[in-house]
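Undergrad: So you can see what is in the structure, the chains are spelled out below.
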Amino acid sequence: MATGFLTDTTVCIGCKACEVACKQWNQIPADGYELSGNSYDNTRQLSGTTWRHVAFIENPKHRRLTGDVDLVALAEDVREQLPGGAELDALGRWTFMSDVCKHCVEAPCQQACPTGAIIRNEFDNVYIQPDICNGCGYCVPACPYGVITQVPEDGRVFKCTLCYDRQRDGMEPACAKACPTNSIMFGEVEELKKVAEERITTLRAKGYSQAYVYGTPEVGGTGGIGGNHSKFILLDEPETYNLARHPFLPQAKVRGAFVTSAIAAGVLGAVVALAFRD
Amino acid sequence: MPGLGITYGRGGATNGLQDLQNSDCIMIQGSNMAEAHPVGFRHPMIAKEKNGAKLIHVDPRFTRTSAMCDIYAPIRPGTDIAFLGGLINYVIENDKYFEEYVREYTNAATLVTEDYKDIDEMGLFVGWDEEQQMYDPTNWRYEGAPIDYASVGGSQGALSGDSGGGQGQKSNADGDRPSDETLQHERCVFQILKRHFSKYTPEMVEKVTGCPKEAFLEVANAITENSGRDRTTAFCYAVGWTQHSKGAQIIRTAAILQLLLGNIGRPGGGIMALRGHATIQGSTDIATLYNILPGYLPMPDVNKEHDTWQDYVESETASSGWWSNFPKYVTSLMKAWYGDDFDAENGELFDHFPRLSGDHSYYPTIMEMKDGGVKGAFVFGQNFAVGGPHARLARDGLRNLDWLVVLDAYEVEVATAWKSDGIDPKECGTETFFIPCALIAEKDGSFTQTQRMLQWHDKAVEPPGDARSDAWFVFHLGRRLKELYKDSAEPRDSLLKAMTWDYPTEGEYEEPDIEAITKEVSGYTVADRKPVKGFVDLKDDGSTACGGWIYCGVYADGVNQSRRRKPWREQPVQASEWGWAWPDNRRILYNRASADPEGKPWSERKKLVWWNEDEEKWTGEDKPDFVPTKAPSYRPEADSGGMDAIPGNGPFILQGDGKGWLFAPVGLKDGPLPVHYEALESPIHNPMYTQQYNPAVRKFERPDNPYNKPEDPKYPYVVTTYRLTEHHTSGAMSRWIPWLNELQPELFAEINPELARDKGVQNTDWVTISTSRGKIHCKALVTDRIAVYKDNGKSIHTIGLPYHWGPNGLVKGDIVNNLMPVSLEANVAMHEAKAFTANLEKGRV
Numbered sequence: 001m002a003t004g005f006l007t008d009t010t011v012c013i014g015c016k017a018c019e020v021a022c023k024q025w026n027q028i029p030a031d032g033y034e035l036s037g038n039s040y041d042n043t044r045q046l047s048g049t050t051w052r053h054v055a056f057i058e059n060p061k062h063r064r065l066t067g068d069v070d071l072v073a074l075a076e077d078v079r080e081q082l083p084g085g086a087e088l089d090a091l092g093r094w095t096f097m098s099d100v101c102k103h104c105v106e107a108p109c110q111q112a113c114p115t116g117a118i119i120r121n122e123f124d125n126v127y128i129q130p131d132i133c134n135g136c137g138y139c140v141p142a143c144p145y146g147v148i149t150q151v152p153e154d155g156r157v158f159k160c161t162l163c164y165d166r167q168r169d170g171m172e173p174a175c176a177k178a179c180p181t182n183s184i185m186f187g188e189v190e191e192l193k194k195v196a197e198e199r200i201t202t203l204r205a206k207g208y209s210q211a212y213v214y215g216t217p218e219v220g221g222t223g224g225i226g227g228n229h230s231k232f233i234l235l236d237e238p239e240t241y242n243l244a245r246h247p248f249l250p251q252a253k254v255r256g257a258f259v260t261s262a263i264a265a266g267v268l269g270a271v272v273a274l275a276f277r278d
Numbered sequence: 001m002p003g004l005g006i007t008y009g010r011g012g013a014t015n016g017l018q019d020l021q022n023s024d025c026i027m028i029q030g031s032n033m034a035e036a037h038p039v040g041f042r043h044p045m046i047a048k049e050k051n052g053a054k055l056i057h058v059d060p061r062f063t064r065t066s067a068m069c070d071i072y073a074p075i076r077p078g079t080d081i082a083f084l085g086g087l088i089n090y091v092i093e094n095d096k097y098f099e100e101y102v103r104e105y106t107n108a109a110t111l112v113t114e115d116y117k118d119i120d121e122m123g124l125f126v127g128w129d130e131e132q133q134m135y136d137p138t139n140w141r142y143e144g145a146p147i148d149y150a151s152v153g154g155s156q157g158a159l160s161g162d163s164g165g166g167q168g169q170k171s172n173a174d175g176d177r178p179s180d181e182t183l184q185h186e187r188c189v190f191q192i193l194k195r196h197f198s199k200y201t202p203e204m205v206e207k208v209t210g211c212p213k214e215a216f217l218e219v220a221n222a223i224t225e226n227s228g229r230d231r232t233t234a235f236c237y238a239v240g241w242t243q244h245s246k247g248a249q250i251i252r253t254a255a256i257l258q259l260l261l262g263n264i265g266r267p268g269g270g271i272m273a274l275r276g277h278a279t280i281q282g283s284t285d286i287a288t289l290y291n292i293l294p295g296y297l298p299m300p301d302v303n304k305e306h307d308t309w310q311d312y313v314e315s316e317t318a319s320s321g322w323w324s325n326f327p328k329y330v331t332s333l334m335k336a337w338y339g340d341d342f343d344a345e346n347g348e349l350f351d352h353f354p355r356l357s358g359d360h361s362y363y364p365t366i367m368e369m370k371d372g373g374v375k376g377a378f379v380f381g382q383n384f385a386v387g388g389p390h391a392r393l394a395r396d397g398l399r400n401l402d403w404l405v406v407l408d409a410y411e412v413e414v415a416t417a418w419k420s421d422g423i424d425p426k427e428c429g430t431e432t433f434f435i436p437c438a439l440i441a442e443k444d445g446s447f448t449q450t451q452r453m454l455q456w457h458d459k460a461v462e463p464p465g466d467a468r469s470d471a472w473f474v475f476h477l478g479r480r481l482k483e484l485y486k487d488s489a490e491p492r493d494s495l496l497k498a499m500t501w502d503y504p505t506e507g508e509y510e511e512p513d514i515e516a517i518t519k520e521v522s523g524y525t526v527a528d529r530k531p532v533k534g535f536v537d538l539k540d541d542g543s544t545a546c547g548g549w550i551y552c553g554v555y556a557d558g559v560n561q562s563r564r565r566k567p568w569r570e571q572p573v574q575a576s577e578w579g580w581a582w583p584d585n586r587r588i589l590y591n592r593a594s595a596d597p598e599g600k601p602w603s604e605r606k607k608l609v610w611w612n613e614d615e616e617k618w619t620g621e622d623k624p625d626f627v628p629t630k631a632p633s634y635r636p637e638a639d640s641g642g643m644d645a646i647p648g649n650g651p652f653i654l655q656g657d658g659k660g661w662l663f664a665p666v667g668l669k670d671g672p673l674p675v676h677y678e679a680l681e682s683p684i685h686n687p688m689y690t691q692q693y694n695p696a697v698r699k700f701e702r703p704d705n706p707y708n709k710p711e712d713p714k715y716p717y718v719v720t721t722y723r724l725t726e727h728h729t730s731g732a733m734s735r736w737i738p739w740l741n742e743l744q745p746e747l748f749a750e751i752n753p754e755l756a757r758d759k760g761v762q763n764t765d766w767v768t769i770s771t772s773r774g775k776i777h778c779k780a781l782v783t784d785r786i787a788v789y790k791d792n793g794k795s796i797h798t799i800g801l802p803y804h805w806g807p808n809g810l811v812k813g814d815i816v817n818n819l820m821p822v823s824l825e826a827n828v829a830m831h832e833a834k835a836f837t838a839n840l841e842k843g844r845v
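In the order they appear, the protein sequences are chains A and X. Start counting the first sequence at 1; every next residue gets the next number (my numbering). Start counting the second sequence at 1; every next residue gets the next number (my numbering).
No lab work stands behind these hints, which were simulated from the structure alone. Hints are supplied without guarantee of correctness; some may be wrong.
As the list claims (entries may be wrong) - Derived pair list, reagent style PhoX-like, types lysine-lysine, alpha-carbon separation capped at 20 angstroms:
1. 50/X - 194/A
2. 48/X - 206/A
3. 794/X - 759/X
4. 213/X - 794/X
5. 206/A - 50/X
With the hints as extra help, turn the sequences into a complete structure.
TA: Next comes the structure, spelled out in structure tokens:
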């Protein structure tokens, strides 16, 4: 039985309760106290010390339907289009998305790990065993989502464990428990898949025709990753949320890179040989 | 809260948070609900998903709340009455009001005296006394009412925060009161209301508020389409309405609108007053305000007929309506506090009870501190050195005390005033005691939250170190004082000697048993100390004791009812078995109005409480907020008194006439109807009336509290202050938590890109914001979520400032409230934090 998350960004209110609950339960230190200037996002990104991260996106590209007259969307760039010629100054809209480890079906981090520290546990979650990890950092560039980073103290890597300890005690992960609007759902992957499909149907019926699930083999799970156990319901293009549209396994590029390098070496060799033929 | 109290009878929120799930439309204004009440906001979100409810946000800033709403309507800070008044005008002009509800349940048909005149060009009501700077409200009385009826006694004044007015006048809509049921008479309340708001056209709304007419009409359309027999609209507000120089009148405007739409007393309707702290409601109920005793009983006052116990009781008892029960409640309170020493017959002990001698509310007391009139202070869980308006003045006040005791979990700025602001501690004579306190998980107790509901929390862990609960401190202080005075023969000490102070204790530190206090607050019969069931059991003969009549019944049957935790999924949506709500566990106030005049539900979908013909009593899904056996057809006789004076079609049982008040003939110091005035400090001239700001606002003209003049070019921008989800008010509980601080580490000022461009300011650049009170430095957060409003083509810029920071804690920042003036709204003595003027310059000037 595989468990995972379904994060519905359409009902996220950006309260960051998930970030705090995660850090409190897992006893992760704060990252520092500096104003980023990037909307209300001051923890900036997922890292070895931030396993849930709420992104704040002001003025995304796509408009969202908000009632019959979408004043906010209308005001984005096209003031003159406001009904009655009224002018509404430069209001944007605001989207929140609680990001987390995607728990890939074919996890590149796991494949890159030389020590066997990264395993799939009994819940089929991608789990880093902190006592095995030797801090080599190979998984860091392997992750197509930038989820994993090393901590400065000893170089080891950390990321979302899907609250392995809580799951073993029959409890849902701390972030899902803390979420006041049920934006973060936890459960069996197969169940969540159905929930996601129903939600997409509902959203489309409401007029959000662009709604889709990210983390399926079709979207966000190509390139050998095979989809994600933590999925997202999104209204904008993946890039808006700092997500890869086509994540891939690093080794998928190895053959091409090897061949290109070989050709380049050959050509270079020939050029050198030609240059020194006398 | 006279906005609600004067209109409906009680100052509390009418409905509960989870009842918002029953709404078809939710209008949030004067509140940033998703950010300040993120957990409560789940209910609007559920309504949106479940009922397809429309969510509306009307606010100067595009916030996390706006992002979740279907309609966002921007308004210039301080123009809420213009927007809501526009809605009232729309509802009346387009015949969208709930005609039967309005005729039967409000004072729409009542005639007003010929002395009343419509508001003049100046924007003043009749009766303005320029010399005294106050109104004579006798000109607003009902036709046929005695001229002095504004001064008729009654406790309602205390309930609403207005100690002068009473609503105890004997009058009922169907009896001797002149009225016109056709609502056509030019002096009937409905026609007066119609004329008063006729000026608030959509075009005027756009001109005054800056909100595009189309957005306004969208809102008007949404709320009217979702009100009526089969649909209900709810309003949510918070201090975004309260903290204005006309806050009570803003809330009144919404209260009038909800009466016109017929949304009060019904599921999914009502007005949610969202409170900013966990037990703000509780702290006014049982009772931190200087002018009320627990349960909103009026504090005895030297300037009133309160010389003896008999005088006090007589003058405060209303002849009709709920407050005719006053003697039962106040006698039971005295019995709870003074036990056998209080003789209900002669009430002699009352002679030694303290009396009010003037205004001892927060702000005048702070000024008194600074002026040397206050010697010492206890501060419990308060950090007004950061969170109070004109915080510098408050710190100066603290530094002028002889002694100060601060009880808090962290070393908040109140406790460090003696060494802040560059003051040499040697120059400060204040002896400060800092007492470490337990936090909520470290003590038992109850919270009374936003919907008047008590929820119990059990101690989970022992407090760290030497920290104890606040109750421990007060209890043992009381014990020691009693010990000190036990042999005193001074009559003035008799109260302290008589005070019942025998709560059982537990544990090593002798923490008082909080449940024993709850039991006393709930009430018991004196003879056998058995808990009473509810306030109908309370007597005025001294045979019952009750520490707070509105909480009476929270310990009914010897069970701590506030501790009940039956999940909402296992019971009807009103969830009456989760916690306990005052009064009498009624979840939706005035719920008799959920049925039509004959007592039948207005519709199947919106049924709540109805008249059962066979059993001849009110029944339904909530506890009826009505005399349970009073038939809908009941009409009082001309000489009926007490609750008998309330007709069977009078859902507003705290009002003398049982009606909701569209027009307030008494009780408000700044007019019977709301009027748009600019904020006390505004960059523009009032576009609607000559009168610039609320004429009845109280100002403190002193050198350390200067005001920025209206349209002062030195202060061209409008500041509005607010909270962020990540911190708690003055930061007293959050600036010490690393996980919260990393989320919002620094003070910032939200400004529009246009203003940033004008000033050459880039995102995260330092800026200086100044007023005539002080200046602060902070970083700019440039965002188009802050709208720009136009006044005759001129841009009016808003500066958004969260006020969580101070010099102490893990993250530090300047104190935003240093910028704010102290001024008092006329009815509730509230300051104006949501709209005042300032200047902004680049860099740290």
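Undergrad: Can the restraint linking residue 48/X and residue 206/A be considered satisfied, given a maximum Cα separation of 20 angstroms?
TA: holds, 11 angstroms
Undergrad: For the pair we were handed, residue 213/X and residue 794/X, check the Cα-Cα distance against 20 angstroms.
TA: holds, 19 angstroms
Undergrad: Does residue 194/A sit within 20 angstroms of residue 50/X, going by the straight-line distance between their CA atoms?
TA: Judged against 20 angstroms, a Cα distance of about 19 angstroms means the pair holds.
Undergrad: Assess, step by step, whether the Cα of residue 794/X is no farther than 20 angstroms from the Cα of residue 759/X, and give holds or violated.
TA: holds, 16 angstroms
Undergrad: Straight-line Cα separation of residue 206/A and residue 50/X no greater than 20 angstroms?
TA: Holds - the C-alpha atoms of residue 50/X and residue 206/A are around 13 angstroms apart, at most 20 angstroms.
Every hint, counting from the list given before, is met by this structure.
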